[in-house]
Amino acid sequence: MRVSNEEIIEAFWETISMVSISLLFAVIIGLPLGILLVVTRKGHLFENRFIFSILSTVVNIFRSIPFIILMVAIVPLTRLLVGSSIGTAAAVVPLVFYSGPYIARLIENSLLEVDSGVIEAAEAMGATPFQIIFRFLIPEALSSLILEITIATIGLIGASAMAGAVGGGGLGDLAITYGYQRFDTQVMVITVVILILMVQGMQTFGNILAKKIRRN
Amino acid sequence: MITFEGLEKEYRTKDKTFKALNGINLTIEKGEIFGVIGFSGAGKSTLIRCVNFLEKPTGGRVLVDGQDLLTLTPANIRKVKRNIGMVFQHFNLLQSKTVFANIAMPLVLEGAPKKQIKQRVEELLKFVGLSDKAGAYPEQLSGGQKQRVGIARALATQPSILLCDEATSALDPQTTGSILKLLKKINAEYKITILMITHEMSVIRDVCDKVAVIEGGEIIESGTVFDIFSNPQTKTAQNFVHSVLNDSIPESVRNLVQEHNPNGKLFKINFVGASSGQPLLSKIAKKFDVDINVLFGNITELQGVPFGHLIVELRGQENEIKRAYLHIQQENVSIREVIADAS
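As given, the protein sequences belong to chains A and B, one line each in that order.
The first sequence begins at 1 in UniProt numbering and counts up by one.
The second sequence begins at 1 in UniProt numbering and counts up by one.
These are calculated hints, taken from the structure and not from any lab test.
Among these hints, one or two may not hold up.
Stated by the list, open to error - Listed next, the in silico DSS-like pairs over lysine-lysine satisfying Cα-Cα at most 25 angstroms (straight line):
1) 211/A to 133/B
2) 118/B to 79/B
3) 283/B to 268/B
4) 42/A to 14/B
5) 19/B to 42/A
6) 191/B to 118/B
7) 212/A to 133/B
8) 211/A to 97/B
9) 42/A to 16/B
10) 42/A to 56/B
11) 97/B to 212/A
12) 19/B to 235/B
Construct the complete structure from the given sequences, taking the supplied hints into account.
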């Protein structure tokens, strides 16, 4: 094996930071987007066909571009935002653009599952639209939101490995440069095992959190 | 308290319009329990939803306490809504919140102080008999308990109007009874005006003071529960009354009468209130030379007053029957002759 343990640990932390920073920004973008996709649809709180169609189309466009292409396609924007197109920080930009719209869709789905009767009750109580969103819709959907964001996080872990292809650092980078390009099977196996463990851990954590929240 | 004036509601789709409400005129007085009954699709749900603007009328007006909601700003509409509690068929509780938090919700929305919320919620829990369930979640409750939570929640802001949208339709008969009793208690203790819609005439019979029958988006009949039950005018109202108060002669009885005494005289005697307590028939049998054959009977209670009827056959001399008939009329009991195959 031509990679030291330190290098693997460093790559692991690179992946963790890449995923968590991207997730943070992706949720910051995806959550309001998801809420807007729900409340602007027909018959909802802020019915607005124009905004709904535009948002929905934009989300679909981003969702249809393969990540590897998206990564290259937005290089100028990445340069503008982080000053470089190579490295961990640079990988975060395409990751956010990739998972933000995805999270928006997932959140939209969760919120749509909330019983319309609950919203009706809220309206009957004289709740303001914002109270309806933050006191009724989101708390009712929270448990399923957690599960959806878990799915998105796992997607991000996978995508972050791909970011290795453009020198994004992290476990994926390690796997590609050593495991794939230099035929070091041991590195390949170790990185894949770590990725599997991360995904398992993430899913378990998400499940436990969702279960806890359902009861809170 | 609530007045509908020429209320209309139209739903428009691309190629057709559907009139759910077609000129509703109705007044609900302060403190009464008013029932609106109709089959599904008759417009009763739309009607009750127009009161708190879950549906916006497309014509006419709804006055709540003299205020036309159409003229109010959204903020003022919300204020009016806080004076109107609503109970739903499927409870519509927040699954993610405890019973306590569900009942507290309308107060939280108002920004009431925590201490006051706690006091009010505990008071309500006691009132609906769920003090031991404060920390439970809705999914751990039975249907009847869920509806009690729904009712407590609707009362949290001390409204003067309570709307019940098929509040008992998802419950079994026994639970229905206990929920109706609770609604009566609310009406009596808090003097809250209750408007309820239902498709069950037994609900109307058990709790309502007045009733309106809705069909095809129009009120086809309305009056006190007593009037509608004792003298329904429209076919639909008659069907609803018959659903809980069967006054047609069963076929088997009718066949028997026709076989044995085709010329027998059948009478329908209505008993109301005090008259149902009198031994009318035995007095008649002693006083006149007639034989009385009770064919069918039904007695129920309307607004705390016994109400019912008997279908009897009087046998004897025509003259005696006539005298007995007149005597019953003098006792202020309604009697009329019926032919064997009519109701």
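Do the hints match the structure? See the list:
no. : hint           : in the structure
1   : 211/A to 133/B : holds, 21 angstroms
2   : 118/B to 79/B  : holds, 22 angstroms
3   : 283/B to 268/B : holds, 17 angstroms
4   : 42/A to 14/B   : holds, 14 angstroms
5   : 19/B to 42/A   : holds, 21 angstroms
6   : 191/B to 118/B : holds, 23 angstroms
7   : 212/A to 133/B : holds, 20 angstroms
8   : 211/A to 97/B  : holds, 14 angstroms
9   : 42/A to 16/B   : holds, 19 angstroms
10  : 42/A to 56/B   : holds, 16 angstroms
11  : 97/B to 212/A  : holds, 13 angstroms
12  : 19/B to 235/B  : holds, 22 angstroms
Hint check: no violations occur; every hint is consistent with the structure.
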